[in-house]
Amino acid sequence: MAGSTTKTVHDIFQSMEYGPSTSSTATAQAWLDHHSQALGLFIDGKLVRPTERQTRSLADANGGSVCSTVCAVEDDIAQCVSSAVGGFKAWSELSCHQRAKVLLRLVSVVGQHGQCVSEVCELCQAPCSPSSLVRLAQYYASWAQVRDALITDWTPLGVVAVVASDDCSLYSLMLKVLPALAMGNSVVVVPGRSTAPPALLLAQLFMEAGLPAGALNVLTGSDVSLGAKVAQNHSISYVTYSGNKQDGGMLCKATAGMGVPVSLSPSVGATCPFIIFESADLDSAVDGVIEAAFKKKKEIQWVLCVQESVLDAVVSRLKLCMAGMKCVALPSDGDKALVDTAVQEAQQQGATLIQPCAAPSSGAQYPPTVLCGVAPSSPCVATPPPGPLLPLMSFRSNTEAVALGNHSPHGQAASVWTEDLTLALETAKSLSVGSVWVNSHSVSDPCLPASGHKDSGTCTDGGQEGLYQFLRPSSSPAPLPRFSPVSLDYAKFGNAASAAVVPDGSDPASAPKFYQQFVGGKSCKSESGSSMTVRPPGGSGVLAYCPDGGRKDVRNAVEAAIKVQPSWMRKSPSARAQSLSSLAKGLEAKRRDMAVAIMAQTGLSLEEADKEVELSIVRLSDWAARCDKAHGGAPPVPESGSALSLPEALGVVGLVLPDNRPLLSMVTLLGATIAMGNAVVMVPSQKYPLPALTFIQVLQTSDLPAGLVNIITGSRDQLTAALANHSVIKAIWYWGSAEGCQYLQYTCSSPLKTLWLHCHEEEGKNGGMDWSHPHPSLLEEIWRNAVQWKSVWIPTA
Amino acid sequence: MSARNPGMKLDLEWISKVRVNTQAVLKRAQHIQKHKLAKKQWQAAWLLKAVTCIDLTTLAGDDTPSNVHRLCLKAVQPVRHDLLKSMNMHNKGVTTAAVCVYPSRVADAVRSLKAANSSLPVASVATGFPAGQTPFKTRLEEVRTAVADGATEIDIVINRTLALTGQWEAMYDEIRQFREACGDAHMKTILAIGELGTFANVYKASLVAMMAGSDFIKTSTGKEAVNATYPVAIVMVRAIRDYFLRTGHKVGFKPAGGIRTAKEALVWLTLMKEELGDDWLQPYLFRLGASSLLADAERQIYHHVTGRYAAYHELPMA
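Note that the protein sequences, when read in sequence, are chains A and B.
With my numbering applied, the first sequence covers 1 to 797.
With my numbering applied, the second sequence covers 1 to 318.
Source of the hints: derived by calculation from the structure; they are not laboratory data.
Just so you know, even glycine gets a beta-carbon here, dropped at the ideal spot from N, CA and C.
It is possible that part of the hints are untrue.
[Said to hold, decoys possible] Straight line, CA to CA, 30 Å or less: simulated DSSO-like cross-link-like pairs of lysine-lysine:
1) Lys34(B) to Lys296(A)
2) Lys7(A) to Lys40(B)
3) Lys17(B) to Lys319(A)
4) Lys39(B) to Lys296(A)
5) Lys263(B) to Lys296(A)
[Said to hold, decoys possible] Only some residues are given here: those of chain A computed to face chain B with a beta carbon under 10 Å:
6) Ser284
7) Ser316
8) Glu419
9) Thr422
[To be verified] So, partial list: chain B residues that the calculated Cβ filter (under 10 Å) puts toward chain A:
10) Arg4
11) Asn21
12) His31
13) Lys39
14) Lys40
15) Ala44
16) Trp46
17) Ile234
18) Arg241
19) Val267
20) Thr270
21) Lys273
22) Leu276
23) Asp278
Assemble the whole structure, with the sequences as input and the hints as a guide.
Printed below as a string of structure tokens:
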């Protein structure tokens, strides 16, 4: 920099270089000075600085020290959470209007201190424009206002912990904090390294806006493990996380068995396709990809997919447009070696480079680089290193573009470039991602609901749909009871062999029946051939035998399910409704058999059993009718263009069914999942499997495609483990033991599965879910758990 | 400096494949306008560069030899000598790129410049400027007359009727003949983008003009309702880039109409640098068609040198 100030007018006249960019950070410095560059924790409405704590220092882009933050310890957590409990009381007792007023005041407070906010963000390398924060506050202020009017019979969860990894952006963090507050929860924020100072500053602004003390607390620490420590506190009702995949997985494992639901939005580092069709405005597309891929702070790892017919045109434009670009700073010194290795590997496999200049031999810098001619198998595509690298692949046809785009464990987002509207919409619908940006990229607005598909998330953020993660039906029993994790040998869970069934030479007339399970549309024995004893209600004696299913049976069922699920989802909702109606009719026809099975299994009177069948018929008809009632919309993005929000099936869902009301609970859950387009693998109650096994007759006569519904009986733990270890299964709904919940939380963190967990032991005590006459909001909760949301943004002039 | 654009055969297939996404272009334009502008000596240098790219223009019904004479002398010494000297730029040949007048005033301008011992080019608008709605024969004759009178640059207007109705072959033929009539004089083709309807049409017309051998493509006459805007410029410079990638020939770009402030001039330079690179920051590939811009640019330079804002009478008028 020193040399540049001596440049004469004539030098610059010749070279026509840009001047040094100077941005003032005076306001941010003044705020930091006010706190002596040593920030504390935000507890009970104040910035406090406990003594004798470890600190963590934060550096700016040039390596200079910005400030230090405190690493919170157990005492701080306890103090913070108890403040949050008080904060929840004060905050949730306010009227909707009063909460909305606070959030609206935040809008003007952030407006007044916009300069300070943006400078602090800039200094901490967590860029976030005040205008996007204002938009968030405005959007959620209006939701706070109308919560009770538009989301009836739902209630806030209590104290919500919002955890972020070091590389999470402030926007992603606030996209969780604001809806949580708007719905009436109190929030404990555990920000990452670079978002800590802005989060503390925002907490102060919240207080200025009139938020009750304790409704928002900020705890800083050394890494994401602090999030797990916070989750351990029994007053925390829900933990939601935003950031990179790795830390998210760690958080899941660390919180397994605590009995607190954890959801992840691992948006940082997701690999996303940037698809350029031949019908695209190539110049705009190339500008778009350069803007997206070579940012210093990027959350998304783009992979450029270009139609073969325009490959040369795109490559030549890339070369020209990148010609003047400068090196980009890498996140850390160690990353240089990673980038070098990735580039060398790609070159060894024949990739050619587009680079504006050669890579410097030292320093944490790298020039923007396009790797042409790589393939999905190349390491730089499969496990992209940090840094300004952009792999480029070509495709032949529209369908191949979708196949290429979908062939990734991630499902965060995609950018699609074409001037052909039909192609744009077809592609948008076929891509298995949460956000599709047509002729644009990285557009985020809180009104767009998006769930990361596949490995990219287990919850929906944004839109009305994103509010439900911070609510529960008012009539539902309290969520998971809190536990302390037990020491569980995860490798051995579900391995115990069940007691073998041996011939006992009993009287042929009264010999118990051998039932079969239902896989891929056929009734069959288990792969192992062995069976299990079904006990009558009293518990002693033998009522019947059912197959003792295992890993292989689950594998067969999932294979059958994934084969039919896509075409089932593509069917029109009315066609699905018809199939469900016919299933209800089939149940009606077998009414007597079903009632007898329930009676024999549970010991209810025939009359009561018949009533359960009756309710089950009504429930199936209910889901049939709801098939076309859960639909998307056109969210009002405050920019010119058209947005779509689309509910999509999760895919294959594993159901480990409750003991309670075995038939009714099964059809309630089954109906919801398949009504929304999913396929299911069901594990009936280990105690009461007969109603489900009898239901196979109904399934056989229905017109549901073979493989859509599978029923596998056997040891619950063994089958739970089998479901947990099949990557095709996207979600598991579980009714069972606390150990089972812990096992699933631990195991389903990679690859990620959406979990809906219910602990049986506890259900026995307080009755659990009311299956007979569930409140409408309970049924809504069920179907909302059966879908994931996709938003499509099509900007227009 | 590379050779003139010789043009090429009309490639209708290329033209038919043109796609422009309006909102993406608008976004890009916003992005460029948000670019931080140069400060201090960078600002002074960039403004001087802008000055050297100006086609200092007078296109009025009441133009006479006397105001054309003033214009020519201002073009030769666009920034006060003492100001240039204090930046050590007085001996670096800072003049505007050309003067631009109506065909009937070409002879006056040539005479004034010759008297001032300047080799500054004289540009003439031609071909039924600004509407282009005169018979082809007279439009062609206008070009020949202007060249004969000593104009070394000719700003022609295209026939919008042909462009709007998609008669690209006919338009190509007309421009081709104008280019022949220009001979050694450089030809700038005015697309009158305000009257072309869509961005895609602007892109196509740009390609046709370049295929027909234009040395520059120019946004507008300054007489239409919509003149040089950043989005439309992005469309045109992308066409220039596209043409360069296919043929290797560099065609220049000239925005004109409504460019009045120094700040706008800096944005234009940024746009060229961002979209086409440094080559297009020189007068042989970039011109600013303007009349009042120079006064503001000179004021800003005055401010850079003296730290004070000048009254208009402190700087010589054009």
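Less than 10 Å between beta-carbons is the criterion; does threonine 270(B) satisfy it with respect to chain A?
8 Å, holds
Can we keep the valine 267(B) interface hint, with Cβ of chain A closer than 10 Å?
13 Å, violated
Would you check the hint for lysine 39(B) and lysine 296(A), treating anything up to 30 Å between C-alpha atoms as holding?
At roughly 24 Å apart (the allowed maximum being 30 Å), lysine 296(A) and lysine 39(B) satisfy the hint.
Does the structure keep lysine 263(B) and lysine 296(A) at a Cα separation of 30 Å or less?
Roughly 28 Å separates the two Cα atoms, so the pair holds.
Minimum beta-carbon distance criterion (10 Å), serine 284(A) to chain B
Hint on serine 284(A): holds, closest Cβ of chain B at ~4 Å, below 10 Å.
How about arginine 241(B): closest beta carbon in chain A under 10 Å, or not?
6 Å, holds
Does asparagine 21(B) pass the interface check with chain A, least Cβ-Cβ distance below 10 Å?
Where the cut-off is 10 Å and the nearest Cβ of chain A is about 4 Å from asparagine 21(B), the hint holds.
Residue hint aspartate 278(B), partner chain A, criterion CB-CB below 10 Å:
OK, holds: aspartate 278(B) within 10 Å of chain A, min 6 Å.
Given hint alanine 44(B) near chain A, where the shortest CB pair must fall under 10 Å
Hint holds; alanine 44(B) Cβ to chain A Cβ min 5 Å, cut 10 Å.
Given hint histidine 31(B) near chain A, where the shortest CB pair must fall under 10 Å:
8 Å, holds
Proposed interface contact between serine 316(A) and chain B, which counts if any beta carbon pair is under 10 Å
Holds: closest Cβ of chain B sits about 5 Å from serine 316(A), inside 10 Å.
Does leucine 276(B) hold up as a contact with chain A if the rule is Cβ-Cβ below 10 Å?
It holds, given that the least Cβ distance between leucine 276(B) and chain A is near 8 Å, below 10 Å.
Checked against the numbered hints above, the structure violates hints 9, 10 and 19; every other hint is satisfied.
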